[in-house]
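Fit chain B to the given chain A structure using the hints.
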Amino acid sequence: MDPSSETLLDLHRRMVRIRHFEEAAGRLAEQNRLPGFLHLYVGEEAVAAGVCANLDDDDQISSTHRGHGHLVAKGGDYGGMMAELMGKATGYCGGKGGSMHICDLDLGMLGANGIVGGGVPIAVGAGFANKYRGSDRVSVVFFGDGASNIGAFHEAANMAAALSLPVLFVCENNEYGEFTPRDRTMAITDVVDRAAGYGMPGAIVDGMDVVAVWEAANEAVSRARRGEGPSFIEAKTYRFYNHHGVQTLGMKYRSDDELEQWKQRDPIELFEDRLASAGVLDADGAQAVHAAAQADIEAAIAFAEQSPLPDPDSLLVDVYTPTAYSGATP
Amino acid sequence: MSDAADSAVGPAVGIVANPLAGKDVRRLTSGATPVSDAVKIGAIRRAVVGAVEGGAERVLISGDRARLGQRALAGLEVPATVEVAELHGWHTGRDSQLAAAQFRDEGVGAVIALGGDGTQRDVATGWRGAPLVPLAVGTNNVFPFRIEATVAGFAAGAVASGHADAAEATSQAKIIDVAAEGGRRAEVALVDVCLVRGAFVGARAIWDLGSVSEIVAAIAEPDSVGLSAIAAAVAPVGRNEAGAVHVGLGCTARDARIVQSDRHIRAAVMPGSYSNIDIAHCEQLRFGQPVTLSGPGVLTLDGEREIVLGRGERAEVTVNPDGPHVIDVGAAVAAAQRRRYPFGPAVSGR
Numbered sequence: 001m002d003p004s005s006e007t008l009l010d011l012h013r014r015m016v017r018i019r020h021f022e023e024a025a026g027r028l029a030e031q032n033r034l035p036g037f038l039h040l041y042v043g044e045e046a047v048a049a050g051v052c053a054n055l056d057d058d059d060q061i062s063s064t065h066r067g068h069g070h071l072v073a074k075g076g077d078y079g080g081m082m083a084e085l086m087g088k089a090t091g092y093c094g095g096k097g098g099s100m101h102i103c104d105l106d107l108g109m110l111g112a113n114g115i116v117g118g119g120v121p122i123a124v125g126a127g128f129a130n131k132y133r134g135s136d137r138v139s140v141v142f143f144g145d146g147a148s149n150i151g152a153f154h155e156a157a158n159m160a161a162a163l164s165l166p167v168l169f170v171c172e173n174n175e176y177g178e179f180t181p182r183d184r185t186m187a188i189t190d191v192v193d194r195a196a197g198y199g200m201p202g203a204i205v206d207g208m209d210v211v212a213v214w215e216a217a218n219e220a221v222s223r224a225r226r227g228e229g230p231s232f233i234e235a236k237t238y239r240f241y242n243h244h245g246v247q248t249l250g251m252k253y254r255s256d257d258e259l260e261q262w263k264q265r266d267p268i269e270l271f272e273d274r275l276a277s278a279g280v281l282d283a284d285g286a287q288a289v290h291a292a293a294q295a296d297i298e299a300a301i302a303f304a305e306q307s308p309l310p311d312p313d314s315l316l317v318d319v320y321t322p323t324a325y326s327g328a329t330p
Numbered sequence: 001m002s003d004a005a006d007s008a009v010g011p012a013v014g015i016v017a018n019p020l021a022g023k024d025v026r027r028l029t030s031g032a033t034p035v036s037d038a039v040k041i042g043a044i045r046r047a048v049v050g051a052v053e054g055g056a057e058r059v060l061i062s063g064d065r066a067r068l069g070q071r072a073l074a075g076l077e078v079p080a081t082v083e084v085a086e087l088h089g090w091h092t093g094r095d096s097q098l099a100a101a102q103f104r105d106e107g108v109g110a111v112i113a114l115g116g117d118g119t120q121r122d123v124a125t126g127w128r129g130a131p132l133v134p135l136a137v138g139t140n141n142v143f144p145f146r147i148e149a150t151v152a153g154f155a156a157g158a159v160a161s162g163h164a165d166a167a168e169a170t171s172q173a174k175i176i177d178v179a180a181e182g183g184r185r186a187e188v189a190l191v192d193v194c195l196v197r198g199a200f201v202g203a204r205a206i207w208d209l210g211s212v213s214e215i216v217a218a219i220a221e222p223d224s225v226g227l228s229a230i231a232a233a234v235a236p237v238g239r240n241e242a243g244a245v246h247v248g249l250g251c252t253a254r255d256a257r258i259v260q261s262d263r264h265i266r267a268a269v270m271p272g273s274y275s276n277i278d279i280a281h282c283e284q285l286r287f288g289q290p291v292t293l294s295g296p297g298v299l300t301l302d303g304e305r306e307i308v309l310g311r312g313e314r315a316e317v318t319v320n321p322d323g324p325h326v327i328d329v330g331a332a333v334a335a336a337q338r339r340r341y342p343f344g345p346a347v348s349g350r
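Protein chains in written order, with the numbering used here: chain A, 1 to 330; chain B, 1 to 350.
Just to be clear, a hint being listed does not mean it is correct.
A partial selection of chain A residues facing chain B, derived with a Cβ cut-off under 7 angstroms [what the hints assert, rightly or not]: (1) I188; (2) T189; (3) A203; (4) I204; (5) V211; (6) A212; (7) E215; (8) E219; (9) S222.
Output of the computed footprint for chain A on chain B, the stretches with three or more beta carbons under 8 angstroms from beta carbons of chain A [stated by the list, open to error]: (10) 19 to 30; (11) 60 to 68; (12) 276 to 287.
Reference listing, derived: stretches of chain A covered by chain B, where coverage requires no fewer than 3 residues with Cβ under 8 angstroms from a Cβ of chain B [unchecked claim]: (13) 192 to 202; (14) 267 to 280.
Keep in mind that the hints were calculated from the coordinates and are not lab data. Backbone N, C-alpha and C fix where the C-beta goes; we use that ideal spot for every residue, glycine too.
Here chain A stands alone, though its shape is the one from the complex:
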């Protein structure tokens, strides 16, 4: 049942690369070197890494306003991401999308999404296309506990199950919708309870244990590829920073004790302890992975800062498609 050593090291590398990107982005935001809102994924790395390590470049994901981690885990390029966050022409979306609309279609990353729950029908649509074309691609939607209260989630979940689409629903339940605790907005504790209502199997996993997430996602992705339809995974997780940015804005909506309790289960530290015990990666080896990620992020920041802003002449580029509709089916 254990992943191979190669997979274990891959999981570790993906998590570390997410952490270094997010920590760097947080520092830049605090220094006012990044425009716009910034929703950091620190603390939730095991979810994106554990799921995306089961996917190929052809498989698709759709993401959330907290989407950097998903793109990094899917193999996203630090330079293009950092330039996009800074609004530079060399960014993934030419600098016009920013943090909440970053995408990379070559990697199957269908986009972060500023609309809560907006990514769910997009992934289900991709799942419909995959089934219609007879491909074995799988689409994954990451969404939060709050998004599961949105109508789009319910319609898309129903459609995915009714049409038996190859879609994996991954709910990152971090217990808070922005600043509101889950129990103020839902009469259930476990979002997975909703899966049964749509007729799809669902399971809870420890979202701070990357091996647990990987194992569950491995099963769910295999089910989808075999044509057995959608699955639902609820990962119990927690964000270590604020809803957006790093500081708490002075709004006391989570207790220090609660935050500290979750930090005791830092997914990267937990995994590094286990990797060392298992003889897969020692402390020096782990440090080398961190150092490589840090060097990459510094290069990406330099690249982004030296990159030009979008040319004003490009204002309407990517707003309307230049291609006339031909009526042809793909």
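Below, chain B without anything else, positioned relative to chain A:
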């Protein structure tokens, strides 16, 4: 809670409900039934009614993050004191362990545990000899009973209050003690302890049978589902029989192509899934007879990966007769009825 302890005068029943029972990865790997909060809340509510009907004057419910207890009690009026214990805040099986220990310290006369084998183990970890009505609300349910919560509650209330004689209605379960080397971790199990390949607990449940190498089963009954079903197919041992069984596995396969042989058996190792298993060796165990399981590998307790053993690390496993005092629901109800409870002459409570 301390105030409540001071006022603990009448017969009391404790209820442990595991919010995570019936929700793990086995919903994806096999046809295991999802168990929603709504199912548990309903069962708690009915168990409370039954416990009070059976004679409990006080009912304590374990606290949990899902607030199952509070939600079960909403609008419920019963002629007894019903309280939800404080939330211990671990959000793991440790919550159930601490609740069981708290119930023991507060003089609870019977515990109702809602969950699968894992939840029952948590109760036994917190209170080894608990007077227990184990109620099946989980995935693998070898140890607990599939019985309606109303009468399960009644049985617990009747035993706690003395309206049913505990000696007539209870039998002491076996318990498996697991001591990992160096006293690093001491744990218990109620059904089986297995050694599986690997170095991670991961999603905890077991669905890759090829990774299982050894099984020590205290309960291995022909109608069991789970790893103990393998032992049951080789050398069954009932829950009320002395001793246990130790089985070593050879190769395994989920398909049916393995040739017929004395060494091969077929068993329901997960709900909704039969597997062929190649048996390497088998021995009967007496109470107290140790079995040593050696790493590298992971020890499963009642079907969940729990303890990682490094290369060369060992764990000693023994099956003992001093587990929870399991209350037979039918026997307890019958015992109370023989005394014409609630209409007969008053019976002195404990």
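Evaluation of the provided hints:
About 6 angstroms separates the beta-carbon of I188 of chain A from the nearest beta-carbon of chain B, less than 7 angstroms, and the hint is met. A least Cβ separation of about 4 angstroms between T189 of chain A and chain B falls short of the 7 angstroms threshold, and the interface hint therefore holds. Look at A203 of chain A: its Cβ gets to within about 4 angstroms of chain B, closer than 7 angstroms, so that hint holds up. The restraint placing I204 of chain A at the interface with chain B holds, with a minimum CB-CB distance near 5 angstroms, inside the 7 angstroms limit.
Interface hint status for V211 of chain A: upheld, as the beta-carbon distance to the closest one in chain B is roughly 4 angstroms, under 7 angstroms. Nearest Cβ of chain B to the Cβ of A212 of chain A: about 4 angstroms, under the 7 angstroms cut. The hint holds. At a threshold of 7 angstroms, the smallest CB-CB gap from E215 of chain A to chain B is about 4 angstroms, leaving the interface hint in force. For E219 of chain A, the suggested interface contact is upheld, since its CB lies about 5 angstroms from the closest CB of chain B, less than 7 angstroms.
Nearest Cβ of chain B to the Cβ of S222 of chain A: about 9 angstroms, over the 7 angstroms cut. The hint is violated. A count of 9 residues in the region 19 to 30 of chain B with a Cβ less than 8 angstroms from any Cβ of chain A is obtained; the coverage claim is therefore met, three being the minimum. Chain A is given as covering the region 60 to 68 of chain B, and this holds because 3 residues of the stretch bring a CB closer than 8 angstroms to a CB of that chain, at least three being needed. Note: the region 276 to 287 of chain B has 0 residues with beta-carbon separation from chain A under 8 angstroms; the three-residue rule is not met and the coverage is violated.
A count of 6 residues in the region 192 to 202 of chain A with a Cβ less than 8 angstroms from any Cβ of chain B is obtained; the coverage claim is therefore met, three being the minimum. Figure legend: the region 267 to 280 of chain A, annotated as covered by chain B; annotation consistent (5 residues with Cβ-Cβ distances under 8 angstroms, at least 3 required).
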